[in-house]
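*Asks:* The listed protein sequences derive, respectively, from chains A and B.
This note's numbering applies: residue 1 is where the first sequence begins, and numbers increase by one.
This note's numbering applies: residue 1001 is where the second sequence begins, and numbers increase by one.
There may be inaccurate statements among the hints.
What the hints assert, rightly or not - Example chain B residues on the side facing chain A (calculated, C-beta under 8 Å, incomplete):
hint, residue
1, A1039
2, P1058
3, I1247
4, A1250
Claimed, not checked - No farther apart than 30 Å at their CA atoms in a straight line, the calculated lysine-lysine pairs in the DSSO-like style are these:
hint, chain 1, residue 1, chain 2, residue 2
5, B, K1133, A, K14
6, A, K14, B, K1087
7, B, K1087, B, K1243
Worth flagging that the hints you see were computed from the coordinates, not collected in a lab.
These figures come from a predicted structure and were not determined experimentally.
Every residue gets a Cβ at the ideal spot worked out from N, C-alpha and C, and that includes glycine.
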Amino acid sequence: MMATRQARHRLGMKIGVIAGLCIGAVFAGFPVVWMLSTSFKTNGEVFQVPPRLITANLSFDAYWKILSNPANLRFFLNSYIVALWVTALTLLTAILAAYAFSRYEFRLKRFINVAIVSVQAVPPITLVIPFFGLVVALGLYNTYGGLIITHMVFTLPYAIIMTTAYFNTLPRELDESVKVDGGRGWTALWRILVPISVPGLIAVGIYTFMISWNEYLFALTLTRTDDMRTVPIGIQLLMGQHSYEWNQMMAMSILGSIPVLILFLIFQRRFIGGLTSGAVKS
Amino acid sequence: MEPANIDRTVFPEAAALEAESPTFSARGRRRPFAVRNLAPYGYISPTLLLIFVLMVIPIAMVVSYSFQDNVIVQKNPVFAGLANYTKVLTDPVFLTAIKNTLIFITLSTIAHLVLGLAFAMMLNTGLLSGLTKAVFRIIYILPWLFTIAVVAVIWRLMLDPYGVINYILTSIGVLQSEVNWLASPSTALWALTFINIWSGYPFFMISLLAGLQGISADLYEAAAVDGANGIQRFFNVTIPQLKPVLISMAVLDLIWTSQQFALIWMTTGGGPLNVTEMLSTYTYKQAFSSYEFATASAAAVIVLLLTMIMAFFYVRQLRER
Chain A
1 MMATRQARHR LGMKIGVIAG LCIGAVFAGF PVVWMLSTSF KTNGEVFQVP
51 PRLITANLSF DAYWKILSNP ANLRFFLNSY IVALWVTALT LLTAILAAYA
101 FSRYEFRLKR FINVAIVSVQ AVPPITLVIP FFGLVVALGL YNTYGGLIIT
151 HMVFTLPYAI IMTTAYFNTL PRELDESVKV DGGRGWTALW RILVPISVPG
201 LIAVGIYTFM ISWNEYLFAL TLTRTDDMRT VPIGIQLLMG QHSYEWNQMM
251 AMSILGSIPV LILFLIFQRR FIGGLTSGAV KS
Chain B
1001 MEPANIDRTV FPEAAALEAE SPTFSARGRR RPFAVRNLAP YGYISPTLLL
1051 IFVLMVIPIA MVVSYSFQDN VIVQKNPVFA GLANYTKVLT DPVFLTAIKN
1101 TLIFITLSTI AHLVLGLAFA MMLNTGLLSG LTKAVFRIIY ILPWLFTIAV
1151 VAVIWRLMLD PYGVINYILT SIGVLQSEVN WLASPSTALW ALTFINIWSG
1201 YPFFMISLLA GLQGISADLY EAAAVDGANG IQRFFNVTIP QLKPVLISMA
1251 VLDLIWTSQQ FALIWMTTGG GPLNVTEMLS TYTYKQAFSS YEFATASAAA
1301 VIVLLLTMIM AFFYVRQLRE R
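Take these sequences, add in the hints, and give me the full structure.
*Replies:* Put into structure tokens, the structure is as follows:
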């Protein structure tokens, strides 16, 4: 009797939780589904009454129009160039800094650490004004270089902290063995630490890529001509140019989200693990 | 991620750098003194150079701009004292921006916390299979994976007067007629806050999920033995155990949300009638629409100071953990 009551209680709980999860899933997922659905509609069907998820003329027209316009392809090219450079330079700089933090004691360690952490809190809107002045003065206005260097403000602190955390998990005996053989710290870093840190570095790299790919404010202010714009600005331009081509805007949005979605799905577990390892540490 | 809007960097990791670890210093005595001392500075020099060029110099520049007039666009800057600050602080639009920013960040953070915790707890339940939970987890993380430009476009479509939200609300009788959510002064701020809630809760959820998984089952068993019911267990075990994470995340979210620019710029642009004007859009407009770089710099410095106050509380919270 007792057991069946408990079982029934459990079943009730389970149904409740599943119902709750489904309601939450609609809240989280419906806008995404709607974006996907709209991208396959013709523009006349976007606001048709009653709204439908799948319409009669399922079409890839919007995608075709986006992809056949060289101006749009240029946004993608720009975003890839900037994000890949940012990722490469951030990883290189972060590996070096993380090695110092993880394996050496030095006088300014605590001070530099505080500086790196506080960089993350500085509002981009505060930086964008001097960056504008600086980038113009350096002749980097409306160039990839200006975007790459300024994006590193966001990516580097995080990358250093995450890479240091990863290096700290690796036993010191590993790099000691190189030193015993007469090698130096430099050799230990590149021959031993970096190769075995590849999983951690991938997570750092993906996060860096995502930050750069999504960056909006600097891309908006530090570039001027359409051939230098990145995907987020491209989506905004599309909104301004033909503000009622909703199907094309949705197609562009999906195409612009694909790199991040793919990276995330492939490396999901590692990524979430890396992201939260610090948050729950107490 | 700001991907979200992923331009959100992660503070919680900060603890990692602080973690003391055994290092070469103890055993490196055999090395020549100078080499041992200089090597770490060599490794860290590219970082220091970047921080200097991209952080120290710019902050010095923006502070100095804020005390001058005729900066950037004209070549003859003159010292202006506190005039820019007086101008900003007496500007009714700036005061409105402060009020809107406070409403926006407070509501967003509370909602992120509640939704994040609710979803994390449902995903952490022992009642469902691992696969079911994995599927729901991916769905719940979805909003976080889209860049803010995409989030803005999606919601402009959905919240359009002829859009699907208005259709649903009018056909079930909640609304009499269509509402132009983002363009009407009475709804724009709430609609914007709602969009921000949608796009920002997953980060809370991920962190809280990890936090929940870290709570020892023994604590719940002990509470159950003492006769605690589900609600009592939630308030006496779950909440106290998550408290450090909850507080850190809340402060972080206040900071992040106060820095939100892209979403506001791409949905309402601060309008209509300034009802969604925030500190970020106000500063941006001063600089890049009115070309009042000196005034904008004063506003930017005020934003920096406000952020530093919040960051101070965050760091103090981290220390206490």
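*Asks:* Of all the hints numbered above, which does this structure not satisfy? Sort the numbers upward.
*Replies:* Of the numbered hints given earlier, those the structure breaks are 3, 4, 6 and 7, listed in rising order.
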